[in-house]
Amino acid sequence: MITQLSFPILLISVLMPLLLSISFPFLGRRLKPKKLAIVSFILLLVPLVTITSIFMTPTLRGGAVDPPFFSHPFAGSFSMLLDPLSAPFAFGIGLVTALVALYSASYMKHRIEEMEHEGLTPPSIGTYFMLYTMFSAAMMGLVLSTNLIEFYIFLELALLPSFFLIIWYGYGNRIRTAIMYLLWTHIGGLLFLLGVLAFGSSTGTFDILNMQTLTFNVGLGANLPIVVMLMITIGLLIKMAVFGVHIWLPYAHAEAPTPVSALLSPALIGISGYALIRISYILFTTQFQEISTILLGLALLTMIYGGLMALAQDDFKRLLAYSSISQMGYILLGISTLTINGVTGGMLHFMTHAIGKSVLFMVAGSLIVQFRGLRSIGKMGGLASKVPITATLTLIGFLFLVGIPPTLGLWSKLYIIVGTLDKAMAMGTIALVLISICLVVGAGMTAAYSFFTLKRIFLGRTPRALAGESVRGWSNLTAVIALVAIVGVALFLYPAVFIDPLKDFLGPLLPSTP
Amino acid sequence: MDFNYVIAMLLVALGLYCLLLKRNLIKIIIGLAVLTDGIHLFLISLGYRAGGTAAIVSGEMFLDLPGFAAHAVDPIPQALVLTSIVINICILALALSLAIYAYRHYKTLNPSKMRRLRG
Amino acid sequence: MKRVLTFGMVVAVGALLIFTVSTDLLPFGSFPQRQVGEDIKNAIGQQILVEAPEDTGSANVVTSVVWGYRGYDTLGEVTVLFTAVVGVLAVLRAVGKRE
Amino acid sequence: MAGAFLTPLVDVLAKRMNHPRARDYFALAVTVGTLLLVVDMATSVLGGDILVYKLGGWAPPLGINLAVDGLGLLVGLIVAGISTLVVIYSFVFMRQESGLGQYYTLMLLLTAGMMGVAFTGDIFNLYVFFEIMAISSYALVAFRRSKISIEGAIKYLIVGSLGTSFILLGIALLYGSTGTLNIADIASKLAVINTTSGSTPLISIIALTLFVVGFGIKVGMIPFHAWLPDAYQAAPSPISAIMAGGTAIVGVGALLRVSYFIFGAPMVGPLLIGLGLVTMVLGAFMALVQRDLKRLLAYSGISQMGYILLSIGLGTALGITGGLFHMLNNAVYKSLLFLAVGAIIYRVKTSRIDELGGLGRKMPITAGIFLVGALALAGMPPFNGFASKLTIFLAGIDAGYPILSGIAAIISVVTLAYMIRAFIAVFLGPQTGRFENVKEAPRSMLFPMMVLAAVCVVLGVLPQLGFSAVEPAQEVLLNPSSYIGEVIPGA
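Protein chains in written order, with numbering that gives the first Met the number 0: chain P, 0 to 513; chain X, 0 to 118; chain V, 0 to 98; chain Z, 0 to 490.
Bound-form chain P, shown alone (with noise of 0.2 angstroms):
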């Protein structure tokens, strides 16, 4: 059941993080890059602390909102929500976006000496951090919010912020890839709005969650035509890149700044994930099974197209962004299933992917600052015996893709496959047939391009350019990824924090017999 708060304690620790960082700027001047990040690293444990002791209260298990902190007439009420269905997302995003913090300082210090080498003057760390933060806090309310245009406002704080971290800090041809982004995405945004807008002109209402009897408005937009779900969905499936509206992705993604793509890549997009959960199902629930079998088939030509193109690539960045993409199949495998397994898999999926993918692009990046600016696949090899931790912590970040012991991608996976398997089975034999096929597929992808890329890089004979460079072997970088590595071995303990709380949410929401 869900508990009302009387202290908007969620609000508040989204909020505070959001308009905080305005000072950045200023704190900028004075402040060192190293003490920026404690910072905002700070900032950002409020929301992350105050997410984790919500959900460690016994109590307050089965979901915690806010008091509604703006409420009109038309637009409804807004408010935070901490439930089992948020929580896997809102922790996830929480530990990313504090830990990557504390890695952009030396990052970001590295790329901004490289810009000005180059002879350009990117704006200043403070600068940084503060689009850093609103970033990271708008995701966090993102995943928290009420009511749909609350989500949408969200949506686009979350955006903005990233667009000019692209724009000002990326790679390449950054503006080219700024604007690509911008407008896509803000396309996906408002064609989610204008569905949004029709949902709520129909029906009266744009809560998510009835403030008054805190439930769910569960087959509110049942009588709606289903072109009204239809473009909330398709907008979030913009958002998320699946395959067919995916083309923005691996640009913005692996020009981004790194410790940006560590957000960018599992975060953001994922969050569309609990979006197709959270607004789609539950507002459209019989729209959204008579759709469900189109989204199966989708999911799987995501995963299978993602990892194809991933084994493709030479770019370490661009590898990552389209193993993103494959991943994003993945999680939208296990929503589409619509069984308690699949939806379970799906969302505990997004965990396992944000920390082990912002593992890898923090890799990426550290290799990036040891080695001068080194992406290229096929100009490494070897470099083991050079990094041996960060070569460590890749295997540790790619064993969470692949989903093998000890990591949590094990249980996300299985839980995947499960579902999928149950509605296969549900299906017919034909389609089990297929499914599997896919699902085998889809898997030894990952694995093939997951341990071949580890090959090329770390195993093999060092290439004569890189034999010369000295490298010291546990800097800033290591350390931080390696703390997000040992938070996710420690849930693959403890999966069943997160797993029976969302499986008993889910339960009586999903259809019984699939």
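The set of hints was computed from the structure by calculation and includes no laboratory data. A hint or two may mislead.
[Claimed, not checked] Using 30 angstroms as the maximum straight-line C-alpha spacing, the simulated DSS-like pairs for lysine-lysine come out as follows:
id, chain 1, residue 1, chain 2, residue 2
1, P, LYS108, Z, LYS438
2, Z, LYS361, P, LYS31
3, P, LYS31, Z, LYS438
4, X, LYS26, V, LYS1
5, V, LYS1, X, LYS21
6, X, LYS106, X, LYS21
[Said to hold, decoys possible] Now the in silico label distances, taken between C-beta atoms and shown as ranges:
id, chain 1, residue 1, chain 2, residue 2, range
7, Z, ILE409, P, GLY61, 50 to 56 angstroms
8, Z, GLY428, P, GLY61, 50 to 56 angstroms
9, Z, THR194, X, THR52, 32 to 38 angstroms
10, P, LYS31, Z, GLY428, 46 to 52 angstroms
11, Z, LEU477, V, PHE6, 39 to 45 angstroms
12, Z, ASN478, V, MET8, 43 to 49 angstroms
13, P, PHE6, Z, GLY428, 44 to 50 angstroms
14, V, LEU4, Z, ASN478, 38 to 44 angstroms
15, Z, SER481, P, PRO510, 42 to 48 angstroms
[As the list claims (entries may be wrong)] Output of the computed footprint for chain X on chain Z, the stretches with three or more beta carbons under 8 angstroms from beta carbons of chain X:
id, stretch
16, 135-147
17, 150-158
18, 170-184
As the structure is a computational prediction, the values presented were derived from the model and not from experiment. Note that the Cβ used here is the ideal one computed from N, Cα and C, for glycine as well.
Dock chains X, V and Z against the given chain P, drawing on the hints supplied.
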């Protein structure tokens, strides 16, 4: 047929024609003047009373004010036209001064040859 | 082509205006009547004609309208005149010096 | 209270003094005074009152009256606020120009004209003030006397005078058919005509068309927009700002007053929707291809006018609220953007997008302010454009035209595209050596821009403020009878 109205509207149409189709700045401004004069004529005609007198009370009319009111023409359009004429003169003055300047700059009065602004 | 179209448009507008004023208005010379609904009402000018000589004491009713009833318009008119003077001065300021 | 109505006059009478030093502060004092008086009226008008002032004491149908209702107040508030800021901005911006006496005089006359149009209750008086506004803006556009400003002014003057003549002809036709000039009186008499004859007579339709064309020209409605980009480009930047944020808004206000009051929503609605749609779409696409910053802003202003007209044309309470709120927001961020471009021109001497680049480093505050305006224009949260665009989209869906909302949303993406493109081209990218010594804009220019930017944020974060300012205007438009009853008791 109400000739006053029709002719007023003809003047308006004629002014419109000059304004839109002439290629000389001065003629365009003349068109503007004709157009507004048409409107003034129309306004004045609106106030005419068949067989009416001017709206000036004189002599013995002071003794028969109701009778005067029943025979005089409408004073309001006259007042409006007075105002409007002045306004129109102002516009024409400004227009002509701009035309003078334009001629100094371009040595032509053909607006289609004054093409600095594009887009 | 464009000119022909414009010319056609001008003719059409003129014809429409002429048609309108000659059908939809009461015939020329029919002040003070104005058709409002089924009953025919007097224009405000008639009321002014009745009241003005006593209200303002001016022999010329037009004067009383210009300076009295619609004094604010006259003020506006003077302002327009002033604006135009300032405007012309602004546009033509120091023409001689520039040559 | 009576003093408040007379402010425009005070403006007019007082400007004959032309002391070179004091003149700046005099202009400022007058605009601030106007603003304070409007704010003073605001308290009672927002409470639901309609203030009526009979000039010279003549009863309304005979004499002229001023009437401040929600709509007039909204327009007056925008105009007074923006003129004040623009005057402050002009202190430094115009310093090198000659003929500043005329400049401030014309500026105050422009303000007076706009205030008069906003508050008057008499249709011929509206025309007179409209002319004051028009003539002073013609002269101001031509103020620089360079080739382009003369050409821009001539185009503006010819097209604009055509528009005002149409308005005058419309007034004549209305006088011919109703025999009165008071807006409220005309409205009640036309209502009688329509109900007894069962349909709207041709003459009313013609008059309406003339008004729509006449005011539409001033607003920059497509297809009557040709003058607007030229004039905005040619005018000094503060004048562009006051024209975008004041004159155009006054045009909309007058159009609404005349069309909604006199002719009623059902007749005007479809017309406004159609014109609004065309204006919105074409304006945005033309903005996309502009190479000059000021022209780009001019076209985007046209496009935003489209949003306003479209939304108001819907005729629902939500639509009108959204449209008026967008009108308020548009005035704020559009004048903000013009002022920001003015700051660039002041320092760099060009507004061509191709020649600019990398100014973000040199003028960070201007860049930030421009960005706020651009994002507000594109309808991004948390800025004010978002709140009003959202309302417009919602109103479209609510009124049963989801397709209109869809088009508006697409245009909103286009808007984002061209504004971001402009921002990148001007402030980011490589620096050219030419701009080595460029400095941040002077403080007295930054101050008005900061105020406007702050308004953008405040209205975006607390949209209730905007809604409450717009609410009385919306009520008046939907239900003119209260206004009519207030002006002419017993009508």
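These are the hints, each one checked on the structure:
For a cut-off of 30 angstroms, the pair hint linking P/LYS108 to Z/LYS438 stands: about 27 angstroms separates their Cα positions. Only pairs whose Cα atoms come within 30 angstroms are accepted, and Z/LYS361 paired with P/LYS31 is accepted, the gap being roughly 23 angstroms. The suggested pairing of P/LYS31 with Z/LYS438 holds, with an alpha-carbon distance near 27 angstroms, which does not exceed 30 angstroms. Distance hint between X/LYS26 and V/LYS1 is fulfilled; the C-alpha atoms sit about 19 angstroms from each other, no more than 30 angstroms.
For the proposed pair V/LYS1 and X/LYS21, the alpha carbon gap of about 13 angstroms is at most 30 angstroms, so the pair holds. Distance hint between X/LYS106 and X/LYS21 is fulfilled; the C-alpha atoms sit about 18 angstroms from each other, no more than 30 angstroms. Range check, Z/ILE409 to P/GLY61: Cβ separation about 42 angstroms, and the 50 to 56 angstroms hint is violated. Against the hinted window of 50 to 56 angstroms, the Cβ-Cβ separation of Z/GLY428 and P/GLY61 comes to about 53 angstroms, which satisfies the hint.
Restraint check, Z/THR194 to X/THR52: a C-beta distance of roughly 36 angstroms satisfies the suggested window 32 to 38 angstroms. Between P/LYS31 and Z/GLY428, the C-beta spacing of about 29 angstroms breaks the proposed range 46 to 52 angstroms. About 42 angstroms separates the C-beta atoms of Z/LEU477 and V/PHE6, a value consistent with the hinted range of 39 to 45 angstroms. Between Z/ASN478 and V/MET8 the Cβ separation comes to about 37 angstroms, which falls outside the hinted range of 43 to 49 angstroms.
In this structure the supplied range 44 to 50 angstroms holds for P/PHE6 paired with Z/GLY428, their Cβ-Cβ distance being about 47 angstroms. Separation of V/LEU4 from Z/ASN478 is about 42 angstroms and conforms to the stated range, judged on CB atoms against 38 to 44 angstroms. About 55 angstroms separates the C-beta atoms of Z/SER481 and P/PRO510, a value inconsistent with the hinted range of 42 to 48 angstroms. Remark: the stretch 135-147 of chain Z is confirmed as covered by chain X, as 6 of its residues place a Cβ nearer than 8 angstroms to a Cβ of that chain, reaching the required three.
Taking a C-beta to C-beta cut-off of 8 angstroms, the stretch 150-158 of chain Z contributes 7 residues in contact with chain X, enough for the three needed, and the coverage statement holds. Chain X is given as covering the stretch 170-184 of chain Z, and this holds because 4 residues of the stretch bring a CB closer than 8 angstroms to a CB of that chain, at least three being needed.
Checked against the numbered hints listed earlier, the structure breaks hints 7, 10, 12 and 15; every other hint is satisfied.
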